[in-house]
Every structure is written in C-alpha cells, then in structure tokens.
Amino acid sequence: MNRTPKMINSKVAGYSSLITFSILLIAWLAGFSSRLFAVIRFESIIHEFDPWFNYRATAYMVQHGWYKFLNWFDERAWYPLGRIVGGTVYPGLMITSGGIHYLLHVLNIPVHIRDICVFLAPVFSGLTSISTYLLTKELWSSGAGLFAASFIAIVPGYISRSVAGSYDNEGIAIFALQFTYFLWVRSVKTGSVFWSAGAAISYFYMVSAWGGYVFIINLIPLHVFVLLIMGRYSPRLLTSYSTFYILGLLFSMQIPFVGFQPIRTSEHMAALGVFVLLMAVATLRHLQSVLSRHEFRKLFFVGALLVGVTVFVAVVLLTMFGVVAPWSGRFYSLWDTGYAKIHIPIIASVSEHQPTTWFSFFFDLHILVCAFPVGVWYCIKQINDERVFVVLYAISAVYFAGVMVRLMLTLTPVVCMLAGVAFSGLLDVFLQEDSSKRMGSAMNAVTETDDQEDSIERKTLYDKAGKLKHRTKPDSPQDNGISSNLKSIVILAVLMLLMMFAVHCTWVTSNAYSSPSIVLAFHNSQDGSRNILDDFREAYYWLSQNTADDARIMSWWDYGYQIAGMANRTTLVDNNTWNNSHIALVGKAMSSTEEKSYEIMTSLDVDYVLVIFGGVIGYSGDDINKFLWMVRIAEGEHPKDIKESDYFTDRGEFRVDAEGAPALLNCLMYKLSYYRFGELKLDYRGPSGYDRTRNAVIGNKDFDLTYLEEAYTTEHWLVRIYRVKKPFEFNRPSLKGTERVFPPTNFISRKNSKRRKGYIRNRPVVVKGKRTLK
Amino acid sequence: MFKILYIYFLILQCFLCASKTNAEIINTNVERLLDLSSQLVKTTIKITAEETTGKPITEYVFLVADPNLAFISLKDDTEKNILLRKNKEDLNGDQTFTFTFKKASPTQTFVIETVSSKNIRPHPVEIEQNDKQLVKYNGSLYFYSKYKTRTQKTNVKLSSSNILFHTQQKPFSVGANRIILGPYEDIEALSQQELVVHYENQTPFLTVNTLERTIELSHWGNIAVKEEIQLTHAGAKLKGSFSRYDFQKEGRSDHSAVKSYKTYLPASASGVYYRDTNGNISTSNMNLVRDFIELELRPRFPLFGGWKTKYTLGYNVPSYEYMYNDGNKYQLKMHLIDHIYDNMVIDEAVIKIILPEGSTQIKFSTPYQISRRPNELVHTYLDTIGRPVVTFSKSNLVESHIADFTLNYSFEKVSLLQEPLLVSAFIYVIFLFTIVFLRLDFSITSHSHKE
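If you read the sequences in order, they're chains Z and H. This note's numbering numbers the first residue of the first sequence as 1 and each following residue consecutively. This note's numbering numbers the first residue of the second sequence as 1 and each following residue consecutively.
Isolated chain H, as found in the complex (with noise of 0.2 Å):
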C-alpha cells in the first residue's frame, strides 16, 4: 500500500515538472467511441500507449473529470473484463483509477469501457406534448489523459440524423446518427477543450429515483424479491396542457412520453404481482422468452418529462437456482440489482436481504464497492427472534451493474421445525383448553339456567 502511494507521489511529481522529465508514457493512439443514442453516455476507448525511453510499462494511470461516471471497467489483451476500483485520491479533483498490466511491455493495447449517466441533458429544458425532444451533451473534445496523446480520433454515435449543432473542430465529418471528430495529433496531456452536440434524442429518459430491493430467502424452496420503484421521466418537462386528444389522435411510437417499458425476470420467476399503493395496476403483459420472461409494464398513465410514478414489483423463484449448501453452510449468489429497463439508470438503490430466522456467522461479498448499512433484524410470520437483514446500498447504478453478490452463512436444519412445531402446539392447546373448559363447570352458583 505504501508503495502504491509512494509511486503515486512520484508519478504526481514527474507530472508536475512533465516538460522536463523525457522517460514518459505517452498514447500513441486512441479511437473513442461515444455512444450518445440513449440517456446514457457509454464510452469505449482502445488506447495503445508507448514507453518512450523503450521501458517496460506496468502502470497506467486513467483519469476520469466526469462526477457522474458510474461504471467503468478495463479490457485487456486477456478479453476479460475488470472492474476497476478508484484510488482514494483525487488528482486535481478528478476520480483516478490505476492499473497494473500483468505483462510488461514497451506498448500495451487495452480497452476501457465507461458508462456515465446524467450527462444529455434535455435543451430545451421544456417541450410541448407534441415538440420533439432535443437534448445536449456537454463533454470533453480530447481524450483525457494524464499522457500525452500523440493521435486520437472520437466517433459520436447519435439516436438520429436530426444535429442541430455540433463542436466544429476540424476535422470533423457529419454521416447519418454519426460524427466523427479527428484524428487530432499531438494533443498535449491534460488538455481540455469541451465537446457539445445538440441532437434529437426520443428515447426514454427515464431514471429510477429510488429502488428498494428485497429479497426474502426461505428454506422451504421459495426466494421472494421484491422491488419498489420509484420513476420519474428525466427528459424535457412538459409544458403546459396535456391534450388526451392529441396523444390519442397521434398513436406515435416515438414519442419522448413513456407508455410502457419491458423488464426482464428470471425465467423461473413465477407469482409475478405489479401493484401501487392503490392496488394491482391492470395494465401488463407477461411473455415467456426463452430464457428469460418478458414483462411489459404499462403505468398507470404515460410518463410525460417530469411525471413521476412509484410502482412494486415481485415475484418469487425457486431458491434451488440460488442457493448451494454443504451441510449447514449456505452460499446465495444472485444479482445485485435486476433489469427494469433498458439503458436505466438507478439513482439509489437500498438492497436488503431477509436470511431464515436463525442464520449465523453471515459474510458478504460484492464484484464492486457498495455501502454497507447495520444488519436490522425483522419479524415475520411465527417468528420468534427475528430474521436476520442484510442491508447495503448504492448510487448511480447502470445496467453494467446487473452482477451476482455472493452472500455465505450458516443456519441449522433444525431449526426448520420450529415453525411447524409452534404451529401444531398452539393448536394442541386449543383443543386442550376447549377439551377441560368444557367438561368442567366453573359457574359459581349451584342453580341451573332455566329459559
């Protein structure tokens, strides 16, 4: 750890007197994928980056100036995928992650792929029912490097042919959903110059406020999940009146209000329920796809820019898919967080895992950071000292982060009984208390009723 620091120091002071130094890092070539044809904005950059002095690289530090970045993970020459962690500190206030190559070499090749939300914003901020909704993304030119970039080249890939503006820095060429910017040569490290497109985006721009996922595990074969969602469409508010007339009389696909929108459960997902708290909402589809079932959830009114809504969604899967154990050793591996739609964005998610009455000796881990809360205890049906609760939560979530959480602990089989047992006993008394109350006569006078 301290070496990491040390060296971190030492990389910070090379940067500070960079013009100096010549035994540098520096990117021969980047090519930048910017997709901007949803809400989000997900990059792919393949970077080749050289020694100068010929040295073998074995550390690269990556920059990132964005606050909103929410996924990032690196591609090696291995073809798998790593999550990178963040270093505690920030150059400059921007986020940095540093990696370490497993084989030095003067050139390395690798691909990072970033996925940041919240940076399309609607302009103009509000439309009417009928406008098209037009969005800007403010972002940077270059590629930002702690390095210097010897060439680079950026392809902007749009949701339609419809470009109001566009940063004019030559060159540049214009082809239908698509700019491309570059290549640029030499570009200094550091530098900064900003990148704006103002398009036309109708794609839903929805972002779950708050999601409250629950899963509820049971010994009896049963896992019950449970998420309340809290939507509201982030997009261009509407202006003025709403016409049920003219949303009527249109029928357009493409409009920037949300209708309906699909979710994806596990195959085996079975008892689905979609409610609010005024009941079961009418309006939805279940289809059976191959190896995943297909729900198409209509809200109860379509989600104009600004609307909000607030649903629950549950369903139960069998926990044999979920859950291995050997002997009274107990591992759950399931999915963190669940599809609710494409390109989503979950601003907060709280998720909390109900574990069978009785559980011990619980240990956690998740494929990235999350906040641990204090374990809570609940009660439920016929228990008795309460069900252990395994809270966390996490912000700016995207669909990248749809992976497994693996969750051990141990329970006794026992301790299975117990319910049935309580159960039986209770109703044993009953009959037992019914039995002597009425064999016995507690009256205390002697007379007997008379009509």
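For reference, chain Z alone in the conformation it holds in the complex (with noise of 0.2 Å):
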C-alpha cells in the first residue's frame, strides 16, 4: 500500500505478501492449536452451560432444516410455559455451523455436527486474527498490523471465550466485529459506497451472532459525532455513514429476534440521532454554499432551534406511549454497576456480569494492558478520521470492560490493535539502519524458542522493511542520537517481553480457561495420577435412559441447558432467564419447607428434581452455595412468604452446620443436598456427615423425605437426583390432635322439635378425616 515506485514496489510486494501471509498463517495455527488443550486433555465436547444450548439448538436445525428452526417453539424448555427458540435467539452461530455441515456434507465428509461445533470458535480465531490485522493496517501500518494479529490470537482474553468446545456467540462475533469495524474504517478513507455497503452486510451478520452489535451501532454513529464535533466533516464520511446506517438498519431488522429493536428501543436511537444530524450537517453544508452569510446564519438558529425542539418533543412522546422501550435492565446495569444488584438478582447472581478486578486486566492481557496507552498516546499525537475511531473504540470498550467482567472480550481486540502499534512504533525507533546485522545477532540469540517467537521475530523483519520506505516522508532524524548498544539493548528487552507474554497466555489458557466444566480432573495427590469425575454426565445420561420420555426436572437454572442438551428432558427453567417470575417459583420451591414445595412441584408438574452438591469432593459451585441468590430471586417475587434474613444466623452468617438458621436447615435445598449425607462417613477419624464444601458437619442429619425419594445420586455425590411423589404414592405426614383443623359446617339441621324422630344423647361424633395409606 505504500506510495512508492513501481519497481521496487512489486519486488517488495512480493516478499511482503510472503511475509504477511506465513505470518497470519502462523498466528492462525498458533492460535488454532492453543485453543486445543481441553480437547486433547478431554476429548471433543461442548463445554460449559450455554454452548449446549447452542449446540442443540444447531443439531435440531441441521436434523430439520433451517425453515423448522425459525418456526422452533421448543416445549422441553420453561414448562409449561414453552420456548419460541427461533425468535428468541440470535441465530448466526447455527447457520454458521450449519452451513459449514452441510457444505462438508454435500463433499461427502461425514463430519458429527458436534465436531463442528467445538472446532468452530478456534477456527474463527484465525479469521479474527486476520481481519485485525486488516483494521490494525487501515489505522496504522502493516507491521503493526501483523503485531494485533499475532497478539489476538493467542491473547487469553479473547481465548477464554474461543476454546474448542465454547461453542458460543462470541466466538464468531468477534470476527464479525472486528471486520464491520474494518470494513468501516476503509469505507471512511475511501468514502466508497462499496465498502460502506460491505460494513452494512458484515454488520449483519454480526446481529445474526451476537447481542453485542449494539456496540457497533452506538460505536459508530459515536465516531461519526465526534468527527463531526471536531470539524471533520467531509462527503466521505456523509456517503459512507448514510449507506452504513440504512443498508444495516434494514438488514438487522430482518433478525427476527431483532424485529423492530432497531427503530423503537433506546439503544439504537443515538445511530438514528447521528444519522438525523449528519443529513442536517449535510443539508446545511450544502444550504452554505448556496445563501449568503446573513441568511444562512438567520436560517441556522431558527433551523437548529426547531430541529432541536421538535426531536426531543418527539422523542420524550415516542418513549410515554410506548413506541420507543426505554433502556433495558441490562443496559442500566452498564451505567450504574449497583443497579443490577438492587433491582435484578438475576442478572447479578451471574458471575461473569461482576465488575471486573484490577488483576483480570493483566491476567487476561499481560504485556498489552502497559503497551496499549502508547498505542493510544501515538494515535492521538497522530490522529486522522480513523484514530478518531480507534480511540473511540479504546475508550469505550475500557469503560465496558470495568463494568462486566465479560465485556472483557470486546477490549481485547482493541487493546491487540494498539499494543501493536505501540511495539511497531518502538520498533520503528529502535530497528533503524543498521540493523540487518543487529537483526541477525538477534536472530542467533534466540534461536531456540518457539514458532509464535520466530513469528514475532519475522514481524520486526517485515516491520523494518515496510518501514524504511515509510520514512522517507518523514518526522524527526531522532535516530541519531540512539547508540547502536542501547539499540539492542532494548530490542532484547522487548522480545523477552513479548516471549514472556507467549508464555502467559499459554500457561493462562492450559491453566484458567481449558476445562470443559462438565468433566472435572484433580491429580490426585500421593501417587499424581489423573482422575477424571464425569458425574454431570452420568447424572444426565442417567435421566436420559430411565426416566420418562416427557419427565420434568426441576433444577436451578444454570443446569437447565445442560438437562435439555445431554439428558433431553423437559426443563422449568434454563440459562435463557427470560422470565423472572417463573424462576422466583422454582428459587421459592428450593427455598421453603419439603410440604410447601411439594405443592409448587405438583401444581408445575415436576417429576424429577436436580440438585448440585459437592460436598463430598468439596465442589464449590454447588447449589447449596448458590443458594442465597435462590432466596434472594424468590423474595424479590413473593416477599410474604420468602425472606432472606430468615436463613441467616442471629450473627448475620450463612451456615449449615448445627447453628444454622432453622429456615435454612429445614428448606428443601438442604434436605435434598444433604439427604443420607449425615449418614456418610468420608474418612475414618472424621465426623460423618462432614461438608467438605463449607468445612461443617451439618446440622441437620437424621431426617426424611416423605414427598420425594432419591432416584439417583452419582458417584461422588456430586448430581442427585429426586423423584417427586405421586399424591397417591406417600403416607402423609400425620397431624396431632390439637393442629387438627375441621372446616366449619354450614349444616343446619331441617328436624325441628315436631319431626324429631329420634335422639340419642352423647352421641358420638365421626370426624371426617383422611384416612392413611398402609
């Protein structure tokens, strides 16, 4: 891309193009493989809660084609209330697998669907990569460029949402939001209709994948505003910003989950403002070039004060009846991070919307969390339309990340891209002139270390290359006064920094994000050797084959996807937490006494209950530690009957040992955790009926069940599973005599004095009750 003669240009080029192609491929490989780890330590499965639901999702569409998955009103999901699957959910990851099925099909490649969908996001990490390092070279250089691409595809921020088996909307989606953002960098530069018409199309499909487009459609009418604040106004930007926001508006309507979001709801009407005001600045540009000052500037104030008044008018009308939604909860939970707590347990129990730590910043990004204020330093002392945006972009997706942990992901590529140009702006410093002999010595001194080293190596090469055509337009002669020592000096630093960040996200990805969730390993401590704990899948496999074909189980939500995907039963509530109310009953029937949920159960059907427990390994995400969030979603819907301080200690603890609050040990929760538990000796000197979860022996030991009875527990007691009673199968519980109730009589006896016939004193009285089962 660089403006120089044509000789020396197509020699370049073709050493360049080399370079740049074994890069990428490389960083595609590199990235590929180091996604692997749960794979080869596991085997090929879908990891996690909700990549089974897509999976499932994608295994229905490609059994019965795409039309019937559109149409899909899934009733094995939320009885009895039913799911519609195809108009609940962002359907690009399906066609995405789906597409690639059949096209591997129609070549007569029997590939398992399920493959497809573990080595999907891994495979897009590679295009990820690629199409960063596109952006990176729109906004800076080549050379940096292949620095982004590099970093993306191993960094562990964004490979804690791509490994093989987290089959799930981000995997895809960042590719889709890395290349509508380059597509729409270049439509900027270019101001070509094509591009801009790419942007749209790619836009697309990334609100086919992802509920994060959003991002894009505030990003970008945010770039165009403040390129319009700064005087940045050009036709460019008018052809590619209106082609942009029409083709993509009418392309994401045609999601059905999307619909009409687009144009009624307040997340997208900042891109509709931008447009409005874009064709105003437009309107008015054009306005100057016809009428004299004096005019234009009458015609200004009035226009704009008209304008201004009629929008507002218009949108504060539009939210009070209703046609434009006001913010969505999870939206406000993005500006007030105490929000969410307050007012939607929900969305708070889950821990991947907490606020992210400071040490998740560098667990995640390492070396690029400290190069990426450079990169944004030198985008800002050398800025043009599309540093604007990266800056934008840095920003902003800062702030998200602060708030969520799990918008950690969209600042990931951003912080690749400008740690990129921060090393290619230090190598540019420190890798001039004379430095084919340095590069050589470097080369020699390490040799020994790995592809994603030599890579990096091979980058600097490129870098230098590009480079020294680059400078012939030139700042400052600062090399002059740099010793060739020093040089190297500081070209050693920074590669040991950057094998030293290879060696991070590798230990980070093998060590935090490669494990399945479903299949637990723990080494086992005398003699180190691997045990593998498949209780989960036992436990479904279990309800798959002896229980009935249209059972319901009732659970926490969090195994909800798991049970329709591995066990394919009916579920009450899943992971898709549509409905708050319908939650708050299942937290309500796990949180009071057996008898009372005995009546939620029968009246929703359940056949079945699941819970977690891991008090025998010592499991720490089980249900009984989750259970606050239960009470605390169920209080939120019946205050009367469910309060949360009522399973605190007198001290305000949470415990479940002999001093636990009464409410808590008698809930059915905790009989169902700890049913025959108090039984279970784990070791020989130690008290039966140690939790090794919360280190208690429980207090509640010796106890009953009488409306449910144990159907199954798996090995490590880590899944148990529970059959609810039939009325007629269970010997209710008998009443004393003085809680006996009898319903008052409304009889009144016609006999009067004169037709008595009969009457016999002391009669004895028959008390209608019921009458046991023997």
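Worth double-checking, as some hints may not be accurate.
[Claimed, not checked] Okay, derived cross-link-like pairs now, DSS-like style, lysine-lysine, Cα gap no bigger than 27 Å in a straight line:
| hint | chain 1 | residue 1 | chain 2 | residue 2 |
| --- | --- | --- | --- | --- |
| 1 | H | 226 | H | 132 |
| 2 | H | 136 | H | 329 |
| 3 | H | 136 | H | 118 |
| 4 | H | 132 | H | 308 |
| 5 | H | 239 | Z | 725 |
| 6 | H | 249 | Z | 681 |
| 7 | H | 237 | Z | 725 |
| 8 | Z | 701 | H | 136 |
| 9 | H | 308 | Z | 726 |
| 10 | H | 308 | Z | 725 |
| 11 | Z | 189 | Z | 381 |
| 12 | H | 249 | Z | 701 |
| 13 | Z | 725 | H | 132 |
Because the hints were derived from the structure by calculation, they are not lab data.
Starting from the two chains in their separate frames, assemble the complex, guided by the hints.
Here is the structure:
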C-alpha cells in the first residue's frame, strides 16, 4: 500500500506478501492449537452451559432444516410455558456451523455436527486475527497489523471465550466485530459505497450472531458524531455513514429476534440521531454554499432551534406512548453498576456480570495492558479520521470492560491493536538503519525459542522493511541520538517481554480457560495420577435413559441447558433467563419446606428434582453455595413467603452446621443436598456428615423425605436426582390432634322439635379425616 | 424336497394313529442337563434311540415347544457340531427339527444342545435395592418328544443353593446348586408336565435390545468395527428409591445390579473407543490377555433392574487377518456378531458390512439363517458413486451364534488410486486458480488503490 516507485514496489510486495501470508498463517495455527488444550486433555466435547443450548439448537437445525428451526417452539424448556426458540435466538452461530456441516456433507465428508461446533471457535479465531490485521493496517501500518494479529491469536482475554468446545456466540462475533470495523474504517477512508455496503453486510452477520452488535451501532455513530464535532465532516463520511446506517438498519431488522428493535428501543436511538444530525450538517453545508452569509446565519439559528425542539418532543412523546422502549435492565447495569444488585438479582447472580478486578486485566492481557496506552498516545498524537475511531473504541471498551468481566472480550481486540501500534512504533525507532546486522544477531540469540517467537521476529523484519519506505516522508531524525548498544538492549528487552507474553498466554489458557466444566479432573496428591470426575454426564445420561421421555425436571436454572442438551428432558427454567417470575417460583420451591414446595412442584408437574451437591468432593460451585441467590430471587417475587434474613443466623452468618438458621436447615434444597449424608463418613477419623465444601458438620442429619425419594445419586454425590412422588404414593404425615382443623359446617338440621324422631344423647361424633394408606 | 414332505406326512400319520402301529422309534434312555445358572437355559440332551422292529433309524424328528429357542445344534458320533435348520412346518405349534443320520443303525446315540433365552423370569418382578434377586424357571419336567421315552433323568444346575421351590415329582434329590429329577420310566410321546424351579439367581440379567454392528472395510489395510448397543437390565426391577449411600456401603459383588462387565475383542484390535451421545465414557479398562483383548466396560451408572443404557463401542483391526484375495476376487471372513458379555442375549441384531467403493459381484453366506435386507449405498470420505452396504438382521442371538460369515466380492485394484488422485487434482486446481487469479487484473476500473 505504500506509494513507492513501481519497480521496487513489485519486488518488495512479493516478499512482504509472502511474509504477511506466512505470519498470518502461523498466527492462525498458533491460535488454533493453543485452543485445543481441552480437546487433548479431555475430548471433543461442548463446554459449560450456554454452548449446550447452541449445540442443541444447531443439531435441531441440521436435523430439521432452517425453516423448521425458525418456527421451532421448544416445549421442552420453560415448562409449562415453552420457548419460541426461532424468534429468541441469534441464529448466526447456528447458521455458520450448519452451513459448514451442509457444505462438508455435500462433499461427502461425514463430520459430526458436534465436532464442527467444537472446533468452530478456534477456526474463527484465525479469521479474527486476519481481520484484526486488516483493521490495524488501515489504522497504522501493516507491521502493527501483524503484531496485532499475533497478539489476538493467543491473548487469553479472547481465548477465554473461544477455546475448542466453547461453542458460543462470542466465538464468531469477535470476528464479525473486527471485520465490520475494518470495513467501516475502510469506507470512511475511501468514502466508497462498496466498502460501506460491505460494512453493512458484515454488521448484518454480527447482528445475527451476538447481542453485542449494539456496541457497533453505538460506536460507529459516536465516531461520526465526534468527527462532526471535531470539524472533520467530509462527503466521504456522509456517503459511508448514510449507506451503512440505512443498509445496516434494514439488514438488522431481518433477524427475527431483533425485529423492530432498531427503530423502537433507546439503545439504537443514538444511531438514528447521528444520522439525522449528519443529514442536517450536510444540508447546512449545502445551503452554506448556496445562501449568503446573513441568510444562512438566520436560517441556522431558527432551524437548529426548531429541529432541536421537535426531536426532543418527539423522543419524549414516543417514549411516553411506549413506541420507543426505554433502556433494558442489562443496559442500565452498564451505566450504574449497583443497579442490577438492587433491581435484577438474576443478572447480578451471574459471576461474569460482576465488575472486573484489576487483577483480571493483567491476567487476561498481560504486557498488552501496559503497551496499550502507548498505542492510544501514538494515535492521538498523529490523529486522523480513522484513529479517532480507534481511540473512541479504546475508551468505550475500557469503560465497559471495567463494568463487567464479560465485556473484557470487547476490550481485548482494541488492546491488541493498540499494543501492536505501540510495539511497531517502538521498533520503528530502535530497528533503524544498521539494523540488518543487529537483526541477525538477535535472531541467533533467540533461535531456540518456539514458533510464536519466530513469527514475532519475522514481523519485526517485515516491519522494518515496510518502514524504511515510510520514513522517506518523515518526521524527525531522532535516531541519531541512540547508540547501537542501547538499541540492541532495547530490542532484546522487547523480545524478552514478548516471549514472556507468549509463555503467560499459554499458561493462562492451559490452566484457567481449558476446563470443559462438565468433566472435572483432579490430581491425586498421593500417586500423582489424574482422576476424572464425570458425575454430570453420569447423571444426565441416567436421566436420558431411565426416565420417561416427557419427564419434567426441576433444577436451578444454571443446569437447564445441560439437562436439555445432554439428558434431552423437559426443564422448568434454563439459562435463557427470560422469565424472572418462573425462576423465582423454582427458587421458592427450593427454599421452602418440603411440604410447601411439594405444592409448588405438583402445580408445576415436576417429576424429578436435580440438585448439585459438592460436599463429598469439595466442589464449591454447588447449589448450597448458590442458594442465597435462589432465596434472593424468590424473595423478589414472593416477599411474603420468603425472607432472606430467615436463612441467616442471628449474627448474620450463612452456615449449614447445627447453628444454622432453622429455615435453612429445613428447606428443600438443604434436605435434597444432605439426604442421608449425615450417615456418610468420608474418612475413618472424621465425624459423619462432614461437608468438605463448607468445612462443617451438617446441622440437620437425621431426617427422612416424605414427598420425594432418591432416584439417583452419582458416584461422587455431585448430582443428586430425586423423584417427586405422586399424591397417592406417600403416607401423609399425621397431624397431632391439637393441630387438626375442621372446616366449619354450614349444615343446619331441618328437623325441628315436631319432626324429631329419635335422639341419642352423647352420640359419638365421627370426625371425617383422611385415611392413611398402609 | 417332495420326498421329505411325503415322509414327513407319513410320520405325521403314524403319529396320529400311534397306538395302533408298533414299528416305532423309542427313546431308550434320555439324560438331560438343564443349566439354569445364568439368565440362559442351556440344555444338553443325550438321547439313545432305538427302533423297536430292528430296522435301521435314518431319520429323527426333534420337537421344541419353547418359542424362545435361540440356538440348537447336534453332536453326532462324529463329534462334530451340526447346526440344525428348522423345518418349515410346525407340528401343533411346536418347532420341529428333522435330521438324517449318516450311518443307519437300529440304535443311535447323539447329543442335542439347545440354548434359549428369557425362560427364566424374575419372581417377584420388583425388588428393593438390597433384596436378592429370585427367579422362576418354567419348563417341562419330561423330555418332550415325538416318541415314547423309556427312561429319562434330568439334572438341573442352579446358580445357588437357595432354592425356594421346585416341582416335587418323585423320585428326585437335591444337592448343592443341583436338583436331580428322575429317573422317570415309560413316558408317553408328547406328554407334558410343568417343571417349576424358584431359586435365587444373582447373575446379571442383561439383555441387548438392539445391536447395530457396522463393519467398514478398507483396502488400505484396515477394518473398522462399530457396535451400537442398547442394553437393559432385564432382571427384577428396582422398587422404590435408589440409595447411593447403601450402594457404597455394601460394595457387595454378588449384587444383582451390574456395575461392569467384560467384552472380549480380537487381539489385534486397536484404537478402541467406548462412548455415547454425551461423549467418551471415561470408565473402562483394557487388558491384553494372550489371544484376545479383555475390555472391562463400566456403564456410566450401575444398572439396576429395569435400567437401560446405550453406548457405542468401536475398534479397528488390520484387514490381513480377515481378508483373503485371489487377483480381483476378495473374501472377507469375520464374526457375524462378537462377544459383548458372558451369557449374552441379543434381541435384535442388525449387521452392516460396508464394502469399498466399486465392489461388485457380492456373494454372502452365513452359518445360520438370517434375514437379508436390501443393499444400500453410503457415501463417506471422498466417495463419488458410494459404497455398497450388505445389511441383514437376526433376532434372538446368544453366544453360540458367534461364528464367521463369508463374503465374496470382486474389486478392481486400480480404483484404489481414485481417492488420492481426486485429492491431488483438487489441490492442483486450487493452486492453479490462485496463480491465475493473482497474476491477472480483474479490476474493471483503471485507477489504482489509494490509501
């Protein structure tokens, strides 16, 4: 892309495109293979919770076809409500893997859809790094682009959402995000309808893939808005934004789940406002060229006032009449971090919706988090239209990442890009002139490092080659002041840092992000062997094989998708937490006494109850530890029946031992978790009923279940399944005489003193009660 | 054929007026061994038959009243197992087997072995987790025959000495794990009396409901075998709740619940996998025992009465052990079904043999009757015209059915090269396309790209 004489250009272009190609290929391969830890350690399996739904939906689409999928009403979820899946899902992910599956099967390659789903995210990580390269190249230079591409290939912040098996929207959405931004920047630069239409199409793909498309539809208008404020209006901007906005709007409305939201909800109003503003500015510019100065000023004031008032009134009215929906809860929680905790406990209960800790910035981004401000500085210093964009991108992404751990994901690409810019800028300074010898020595010094390092080396080489041409136009002869020794020391230090980055990334990926979470592994401390805890699949498979096909299973919503995916049974609530009151009802059933929850369970036709109990093996993510959230959510909907304070001791502690609150020790969740646990001795010396997760001997040991019976418990007691008895199956608990209540009778004898035939004194009264079954 | 029918008819007539005619075959001595120690009923009957008039016996008709008969074979003086084929006609609803002796002689001694499944039923049908599994066998006390039997004795072998009840027809004696009934003298032809034994039997009552065995043949030296198995514990159903605590506390091995079982694979099997729809089942062990591989399979959960599970077991074997060729003619000899667990019962087996693409003139023979299904075509990696699939099914199989089938087909060796050529051509075309695309300018406008 350098404007250099043609002769040299063609020769250099040959080498540089080869180097670019090979580095991108290596980045792709490195990114792909570092995401395979879970597959190699365990197997090709779908991870965690949401991916199970995506997998199930994809499998359904592959089996039944696209139109059936669009119309899919899933009666196996949210019993008895059901869920309209086709209209409540971002179908991009399913279409992508379904399309790949279709293509492979047309070519007679019988790959199972599960394997496609497992490997989709790692494959797309390669595409992400290519689009990051393209975007960074547009913003800065191709050298910086190669840095950015290599960074994003292995950075943990992105790997956390795209390891093999983590089949989630984010896996493909980050690619779509980066690619849309690339096309947008390209279109702003060129002002060509072609690129902005491309951006709109890519935006369409993004809309179909992830709810995070709102980030695009707010960031791009913000970019345009800031450009307008900075007085950087140009016809190119007008062309690209108007094309992008109109096409993007129309495209995004094609996704059933999005529907009319782009013109009706507040999240999308900024884009519309900027569009109107841009049109106004364009009109004014035009009028300015037509009218005289005096006339124009008059028109401007009157017009601006009028337009401002009209827009304001219109927005207020539309919101009042409910045409434009106000901001949704999740978006409020982006502005006010305390909002969710107070109003929507269900959002707050998800750990990935918590604010980010400082530690996790370093953990996920390592050295990049330090280099990234440097990149921002470079961009601000040499600002132009597209660098305004990346600065805005950086600032907004940093804010969002600080609010929610989950949005670390949107920060990661921009950090990679700007760190690429920073490193590229650094090497620009320190790899000049006499660098050919130095490079050679540097290469020799680090020959024994891995591929990753190798690619970085080549990057620097390429970067230098590209830069030399660039420098012709130039800024400052600062290189004179730096001694060659200093240069080599700096280069070595930078290489060292990059090497440590690569090591850190691999370490984090291997240790933190490569657990499928449905198969647990632990190392035996005595003989060092690796044991596998497969209790989840044991339980789900038991459900799938040994319960009736239409059995309804009540569990906390975390396990809904897994039950549907692995056990193929009807669930009451699942991870698509669209109906808070239904979840609250399940929470209420879990936190009430057995008797009261039996009423709820029979009213919901529950056949089985599934709880996760980690007390035997010390698994901390079990239902007792999540129990307070159930109570809180239940309290939100049923404040009369459930009170959070009842579950704490007088001193405000949540404990399961003998001092625990009586409401806790008698609630259904407690009983189901600890049924017959009181008899179990985990080791010879310890007391029986010792809970390893909470390090306490349980308080309520000796109890029996009346309304439920144990149906299955897995080998390590991790998953416990209970069958809800039918009303005729159990002995109702007998009431003490004093507790019996007889309904008052309204019977008045018709017999009067005349018609009375006989009369027995002290006649024994027959009390109608319920007969107990024997 | 006609002749046999005719003779058969004659015999039938003879039987109808049995009391009048006296030129008759009689069973002089019958010794039965009834093995009820597993879920199968294995019967070994040693018969000595005699022609009363002294004429040589050429034919003998054997009757089986049991509809669950899975397997029957005959052991002659030649000490060779002969599989018997069922006659087309039933006699009063009984299955008949006619066999012809090689040596005609007035007295014949031979042994018939039968195996039948599902004749031992749990009684009571439902038990609790810690109860012992009791079963009831209903059979016939006398040797059921078309001919009169002079003297007979039945030896019943059981799995435990805990016998609750058995038919008290004198004379009989009861030993440890064993009941001897008889000898009974002069039992008329076709006489039936019920034999009931109610006893404790804790052996696994596993039934394979469906087995789908796929054998995929590759001329590159590999045979891939895949078995999809649906398994049920057909013993006494679990009543009431399951308790993990009790199950762990006990650790008894003679429990009727099935924790694991052993499958034997060919010694050369490699790349064994054991999985279900949720992925790999991480609980299995593989041991190489001298001439086979012992695979200890643990289902994801212990199988209690009435519980089901389903899994896929697959492995590869080198093809040189099973494939023979003569020029373009190939022959495949492999087990029709293979061992799944000891004393197995398979309700329905479907076997598919996928031949290499381009195989023709397929001829197929099996040691026993099967029902052949129409051939299919499958397309897998790099296939163009599809691979022919030989499919057949058989119901009610037991271990004795593990036997080789023979499949002959012809295959042109040149077609082996088709697939590598296809791949190379494809890659070549891609490269060519890239080269052409990069060298030529397809732009419709003349201006160059600007930054």
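Here is how each hint holds up against the structure:
1. 226(H) <-> 132(H): Distance ~35 Å between residue 226(H) and residue 132(H) Cα, so the pair is violated.
2. 136(H) <-> 329(H): violated, 53 Å
3. 136(H) <-> 118(H): Roughly 11 Å between the alpha carbons, so the hint for residue 136(H) and residue 118(H) holds.
4. 132(H) <-> 308(H): holds, 20 Å
5. 239(H) <-> 725(Z): holds, 13 Å
6. 249(H) <-> 681(Z): The hint holds at about 10 Å.
7. 237(H) <-> 725(Z): holds, 18 Å
8. 701(Z) <-> 136(H): violated, 41 Å
9. 308(H) <-> 726(Z): With a Cα-Cα distance of about 23 Å, the restraint between residue 308(H) and residue 726(Z) holds, given a limit of 27 Å.
10. 308(H) <-> 725(Z): Holds, at roughly 21 Å.
11. 189(Z) <-> 381(Z): The given pair, whose Cα atoms are some 19 Å apart, holds under the 27 Å limit.
12. 249(H) <-> 701(Z): holds, 18 Å
13. 725(Z) <-> 132(H): holds, 25 Å
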